[in-house]
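Visitor: Sequence:
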Amino acid sequence: VVEIAIVRQSPDGHRETWSSLVYPERTVGRRSYKIHGISDAMLQSAPLFTEVAETTTRLLSGAVIVAHNAPFDIGFLKMEYAKAGIQLPEYGPVIDTLRLVRNIYQLPGNDLTSMAIRFGLHVKKAHRARYDAHNTLMAFFSILGHLPTDGPLSPSSLNRLIKDYAPHGAHRKTL
Numbered sequence: 007v008v009e010i011a012i013v014r015q016s017p018d019g020h021r022e023t024w025s026s027l028v029y030p031e032r033t034v035g036r037r038s039y040k041i042h043g044i045s046d047a048m049l050q051s052a053p054l055f056t057e058v059a060e061t062t063t064r065l066l067s068g069a070v071i072v073a074h075n076a077p078f079d080i081g082f083l084k085m086e087y088a089k090a091g092i093q094l095p096e097y098g099p100v101i102d103t104l105r106l107v108r109n110i111y112q113l114p115g116n117d118l119t120s121m122a123i124r125f126g127l128h129v130k131k132a133h134r135a136r137y138d139a140h141n142t143l144m145a146f147f148s149i150l151g152h153l154p155t156d157g158p159l160s161p162s163s164l165n166r167l168i169k170d171y172a173p174h175g176a177h178r179k180t181l
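For any residue, its number in our numbering is found by taking its place in the sequence shown, counting from 1, and adding 6.
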């Protein structure tokens, strides 16, 4: 992890956005640098994960996590918490916007940039944590607005709907 960002929105609409570079205790490879543009020089004064873990824990605790390619992000979080010897916070259900766009929409690509373009979001700073977290949340809200439902969706009913629209699911169609 070289950067972390969390956008937490409460049911009343209050939104808290937080991000930080994270010193990875090793050099950033060329391939990674080409993806996110974060250099070793940018990370020299960045805090260690242990120094941002308290804020990360506070923001994740009890939250429904919405992430694009959620298993990837959660895997990194688990690794960082384990490496730091800190208990991973208990969070609510996980909603993967990658699964949403793969199963429900037929986009030219399933990456976060394609999803952001589909929903009219700005795409000039892709692969920076704050930007990606914000675009994931905004795209998620757009997706919710386009889903055929009879009312509010709970995380579990949304995950069932995603499965129903999977390539071999019960309700496969293009929205």
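Each hint should be verified, as a subset may be incorrect.
Once the Cα atoms are required to be at most 30 Å apart in a straight line, the calculated DSS-like pairs of lysine-lysine come out as [to be verified]: (1) K84 <-> K131; (2) K40 <-> K169; (3) K169 <-> K84; (4) K130 <-> K40; (5) K40 <-> K89; (6) K84 <-> K40.
Hints in this document: simulated from the structure, not taken from any laboratory.
Visitor: Decide, hint by hint, whether the structure agrees.
Guide: Structure-based check of all given hints:
no., hint, in the structure
1, K84 <-> K131, "holds, 26 Å"
2, K40 <-> K169, "violated, 34 Å"
3, K169 <-> K84, "holds, 25 Å"
4, K130 <-> K40, "holds, 15 Å"
5, K40 <-> K89, "holds, 26 Å"
6, K84 <-> K40, "holds, 25 Å"
In summary, the structure is inconsistent with hint 2 from the numbered list given earlier, while agreeing with all the others.
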